[in-house]
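All chains should be built: construct the whole structure from the sequences, respecting the hints.
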Amino acid sequence: MKLTGLLLSLLLTLGMAAAGEADDLPRSYSPDQVKEDFAQLYKGLQQAHYDLFANLSKPNYDQHFEEFMAQIDAPMTALLVKTHFQKFVALGKVAHARIDFPAEEYSAFREAGGKTLPLYLSVTDEGVYVNEYYGAHPEINPYDRLISVNGQPVQQWLAPLYQHLSADNPLIAATLLEFRLPALLWLEHGERPAYELTLEKPDGRKLTLTQPTLSKAQQQLHSADKEMSEQIDWDSREAEILEHNIAYLRPGPFYNNSPEAVDIWDNRQFKAFIDQAFMSFAKAGARALLIDLRSNPGGTNSFSDHMLAWIADRPFKFASDFRVKVSPQAQAANRARLATSQDKNDISHKLDEFYQAQPMGTVFSFPLPLAQPREGERFSGEVYVLIDRYSYSNAVSVAAIVKDYGFATLLGEKTADLATTYGAMEEFKLNHTGIQVGFPKAHIIRPNGEMKPDGVAPDVVIDTPMTPDASQRVLQAALDHIQHALQTSVN
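Using UniProt numbering, you'd call the opening residue of the sequence shown number 1 and step up by one each time.
Hints are computed from structural coordinates only; laboratory data are not their basis.
Be careful, since some hints might not be right.
What the hints assert, rightly or not - In silico DSSO-like pairs for lysine-lysine, Cα to Cα no more than 30 Å straight-line:
no.: 1; residue 1: Lys429; residue 2: Lys350
no.: 2; residue 1: Lys201; residue 2: Lys271
no.: 3; residue 1: Lys43; residue 2: Lys429
no.: 4; residue 1: Lys115; residue 2: Lys201
no.: 5; residue 1: Lys93; residue 2: Lys414
no.: 6; residue 1: Lys93; residue 2: Lys317
Said to hold, decoys possible - Quick list of simulated restraints, FRET-style, between CB atoms:
no.: 7; residue 1: Pro160; residue 2: Ser107; range: 19 to 27 Å
no.: 8; residue 1: Gly151; residue 2: Glu66; range: 34 to 42 Å
no.: 9; residue 1: Lys429; residue 2: Asp469; range: 43 to 51 Å
no.: 10; residue 1: Gln152; residue 2: Lys201; range: 33 to 41 Å
This one's a predicted model, so the numbers in the text were calculated from it and none came from an experiment.
Glycine is no exception: its CB is placed at the ideal position from the N, C-alpha and C atoms.
What follows is the structure, given as structure tokens:
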């Protein structure tokens with residue numbers, strides 16, 4: 001799944017040093033260089049972040065800055081610098097303020113035969129469960145509940161990993177952890193030979209066993225031998241008529257996901273797919289429509305607005321307000337795009353006009369044009385949208401639009417990602433290390449004007465069970481609800 005990015009923190013320990021040894025020739029930076037970049041990092045975030053102190057007061061952040069600065073007392077590799085700086089950024093608890101996960105270093109470690117814990121978890125309110133397993137132990141399977149690791153209760157064992165993630169709330173942090181657990185453990189512990197796991201089987205049996213860490217090749221070998229959790233194909237686009245003449249649309253990512261795509265923001269193929277889908281629904285006389293946004297990574301409204309135009313009965317926009325902070329860092333990032341832009345009417349040119357007219361440090365409301373309902377034929381039946389905790393980014397915006405404007409009924413789980421959020425991320429570069437620091441330049445307010453940073457809640461809750469056929473069960477529950485609603489309306 002495309003995510004907004006995993007954010008990892010300082011680990012100045014022997015285990016972390018072992019992880020750093022994955023580099024063939026790791027570059028080292030002097031304490032003075034690291035300190036200068038760290039000072040630039042904090043100053044830059046204060047200038048550019050829409051509200052750096054939204055969740056942590058300036059006095060507290062200043063205190064952490066002094067503590068982190070004091071820890072820079074020896075040369076550090078690029079990996080150590082990234083993780084040190086990221087932990088500091090993550091203190092602000094804003095997902096769009098981050099230093100990206102050091103994927104290059106982790107990939108080098110794995111390609112060199114480095115071994116990791118071969119499982120991924122699902123973290124729920126009810127407990128922590130094995131979601132995917134790439135090992136050979138016959139007693140470890142998806143849907144086993146994980147009770148403890150190395151003698152520690154599982155939540156206590158996971159706690160150090162959470163502090164490495166830039167996340168607005170615990171639910172976002174949990175979803176991020178789920179997708180990068182082995183990598184986070186590598187950064188936390190270095191390469192370990194094994195982990196002791198205590199599991200509870202679905203039948204209630206409890207057992208404690210030792211799971212060796214495995215190389216990438218070993219995990220690939222074992223994956224064919226184990227039952228895997230059913231996964232939704234987040235990259236697929238589907239349109240069909242299901243039971244009871246209910247139309248089903250899975251739009252897929254709101255960007256060009258074609259392997260041959262030159263421009264991922266070219267929406268022509270997507271528009272053609274959407275138009276053909278709705279025309280086929282009309283031809284079939286579909287009574288209702290279910291739009292499936294589960295596990296959708298998002299994208300841009302230049303794609304989703306075209307889909308929504310088929311169901312909208314009035315003009316709409318993805319935010320009631322789009323507030324942008326003027327900073328040297330945001331201006332520099334925007335100018336870099338202008339250098340390659342051929343469209344004088346694109347958003348970068350419009351932003352530049354506002355930047356030029358506003359003093360540094362001020363905030364302005366960027367005007368968002370209203371998207372219009374489609375001219376001519378539109379879908380006239382009842383519309384439902386299915387969401388879950390893995391609906392991200394623009395998929396959350398779509399969910400907020402249909403709920404706030406009354407275009408559809410929302411089914412499923414509350415989203416982890418937020419409808420009102422600090423976003424529109426830009427980056428600035430640190431002078432010595434070249435590290436790119438992400439920051440949110442904007443405060444995006446959901447269509448109904450709600451200022452509280454929160455996910456989008458469904459109108460009808462459909463929980464996802466911990467079963468092999470969970471995806472299909474949720475879909476069937478959604479279809480059953482729609483069919484019942486159709487029958488009720490007829491009666």
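### Query
What hint numbers does the structure not satisfy?
Hints 2, 10 are the ones this structure does not satisfy, whereas the remaining hints hold.
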